[in-house]
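Trainee: Please model the complete structure; the sequences and the hints are all you need to start from.
Protein sequences appear in the order of chains A and B. Residues 0 to 409 (numbering that gives the first Met the number 0) make up the first sequence, in order. Residues 0 to 95 (numbering that gives the first Met the number 0) make up the second sequence, in order.
If you're looking for bench data, these hints aren't it; they were derived computationally from the structure. This one's a predicted model, so the numbers in the text were calculated from it and none came from an experiment. It cannot be assumed that every hint is accurate.
A few chain B residues facing chain A, derived, Cβ under 10 Å [unchecked claim]:
# : residue
1 : M19
2 : R20
3 : A26
4 : L33
5 : G37
6 : M38
Derived, one-sided and incomplete: chain A residues facing chain B with beta-carbon distance under 10 Å [unchecked claim]:
#  : residue
7  : Q82
8  : G84
9  : V174
10 : Y201
Every residue gets a Cβ at the ideal spot worked out from N, C-alpha and C, and that includes glycine.
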Amino acid sequence: MNPPAHVGHVLDAPGAARAGPPLGKTAHRIGPPLWLLLELTYRCPLHCVFCYNPTDFANTGPELTTADWIRVLREARALGAVQLGLSGGEPLARDDLEEIVGAARALGFYINLITSGVGLTEPRIKALKAAGLDHIQLSFQDSTREMNDFLSSTRTFELKSKVAQLIRAHDYPMVLNVVLHRLNIDHVGEILAMAEALGAQYVELANTQYYGWAWLNRDQLLPTRAQLQQAEAVTQRFRERVGTAMQIYFVVPDYFETRPKACMSGLGSVFLAIAPDGTAMPCHAARMLPGLELPNVQATDIGAIWYDSQAFNRFRGDAWMKEPCRSCPEKVKDFGGCRCQAYLLTGDADNADPVCDLSPHHGLVIEAVARAERAAAAPVAAPPRSVRAPGLTFRDHRVSIPVVIEEKRP
Amino acid sequence: MSDTASDIAPGARPAVAHGMRLQWEPAQEAHVLLYPEGMVKLNGSAGQIMSRCDGVRTVADIVADLESTYKQKGLSGDVIAFIALAVQRRWLEVRP
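Mentor: Written out as C-alpha cells, the structure is:
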C-alpha cells in the first residue's frame, strides 16, 4: 500500500481556542501521538510495484504477538493516541485482527482498516463490525496487473465488487483508494467509472510516493506532466457530472510541485508507526534513514519512545535544519518537507526536500521528471494494457533486497 | 450544500453524522470528532453543542439546555449558526 494521504490530519474548529501545552508543564511541549499506525504484518497476497514497505522486509524479525499489540494500544492510548490505522502488508493475514480491533475499540480508538479486501469474507466483516471497527478503506493495490485484469477481464472487478457489497451491507462508508502511476493514470476515467459502479462515496486517487519498492521502480512509474494534466481534467469533468454523490481526492505526485509536502506534519509531531516486528518509526519509511536509532516496543514503552528516544526527537523543532530551510519563513508550514525524500535524492536527510524549488538540489527532481518524459516517449514502451511492464520490480519476499542509495551530492 | 442558519428549524434533531464519532479526549482537553482518517478538535462551545446532538433532542431543546446550564440567554443564534456550519461540513446530520 501507499501511505494514506490524510495522515494526522488535524484541524481545529473555526474560532477554536488553542488548548494550552497538551501535557502540562514539563520540558516537552510535545503533543501526543494522535495518529497510531500498526503495520500488523508484512505478509501480503499481492506484489505491488509501488509498495512503500521496506524492500528488505523479508529480513525483519518475527511479528509481534497479539498480547504485544494490545499492550502497544494500551500504552499509546494512555498518551492520547486516538486515530488508529491497521495496515501492513495485508492486515487480514493476521487471524487475530478481530481481537486487536476489539481491544482497540474498548480503549476508545477510532479504527481504520486499510485493506486490499483479499480475505475479507462475510464472517470476518461481521466479526470486525461486532468488535467495533469504524471504517474500511478498500485499496486497489496491484494496479499494474489488477487494473489490467479489470480493463481486460472481469475477474478483479468481481472480487472488489463482492467486497464492496459486503462493506456497504455492513453499513460502512465505501472508501476506495487507487494508487496512480504512469501505467494506469491514463485510465483514470475507467477507474472512476469502476468506483461509481462499486458505489464508492469517497475515492482517493493517490499518485505514488517514491519510497521502498516504488523508489526502485520510479523511472517506470513516474507519469509525465501531460498525463497528469489529462488525468486531472478527466477527474474534474467526472466531479462535475456526479456532484456530491462521490467525493474525489486527487493527490498530485509531489515531484511536480515547487513546495514540499508537510510530511507527517513534521516527524515526531502527531504520527507513530509500528512495524510488524515492533520497530517504532516517526514515519512509515523512516527505517531507511541513517543514524536513526529506532526503538522497539518490546524493549521500550511507548511513552519513552515518543518523548525520549533519539529517533523521535531527531527531527523535532528546526535545529537540525540546514539552509535554505533554517532561515525560511515557510519552515513552520512544511517542516522542510520529507526527510526520506531528502535522503533518497540528496544522500543527506537534513537537506531540504528537493521538491522545493528553493533547494539547491531541486534539479534532481526536474531531472527525474525529464527522465520519465523520455522513458514514456520511447517507442519500446509497453502498452499499459499488456502484462508486466519491462523493468518493474514486483514486491515479493523472494526478491527482498536492500535499497542502495546512489550518492548524488552536487 | 446550501444549509444556512435559516435552514435549521428549531424542531430539527441534529445528530453526529453516520460513520463519525464524537468523544472527549483528556489528553487534548477537548471534544474531538473522529472520521475516516481524520479528526477535528472542537473548541469548548462547539463541543458543548455537539455533545448534545443525539438525534433525539431538538435544536430548541439544545438551546434551552445550554441557556440553563450556562445561565445565559439569547444563545439561539450562535447555536444555530454552529449547527448549520457543522451540517455543511457533514459533521452533523439533521433529522426532521
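Trainee: Against each hint, give a clear statement of whether it holds in the structure.
Mentor: Tested hints:
1. This hint holds: M19(B) has a C-beta 9 Å from the nearest C-beta of chain A, less than the 10 Å allowed.
2. Annotation: interface hint on R20(B) holds; nearest CB of chain A at approximately 6 Å, less than 10 Å.
3. The restraint placing A26(B) at the interface with chain A holds, with a minimum CB-CB distance near 3 Å, inside the 10 Å limit.
4. Here the hint on L33(B) is kept, as its CB sits about 4 Å from the closest CB of chain A, short of 10 Å.
5. This hint holds: G37(B) has a C-beta 4 Å from the nearest C-beta of chain A, less than the 10 Å allowed.
6. About 6 Å separates the beta-carbon of M38(B) from the nearest beta-carbon of chain A, less than 10 Å, and the hint is met.
7. Of the supplied interface hints, the one on Q82(A) holds, with its beta-carbon coming within about 6 Å of a beta-carbon of chain B, less than 10 Å.
8. At about 7 Å, the closest approach between the beta carbon of G84(A) and any beta carbon in chain B falls short of 10 Å, and the interface hint on this residue holds.
9. Given the 10 Å rule on beta carbons, the hint for V174(A) holds: about 6 Å separates it from the nearest Cβ of chain B.
10. Hint status for Y201(A): holds, given a least beta-carbon distance of 7 Å to chain B, under 10 Å.
The structure agrees with every numbered hint stated previously.
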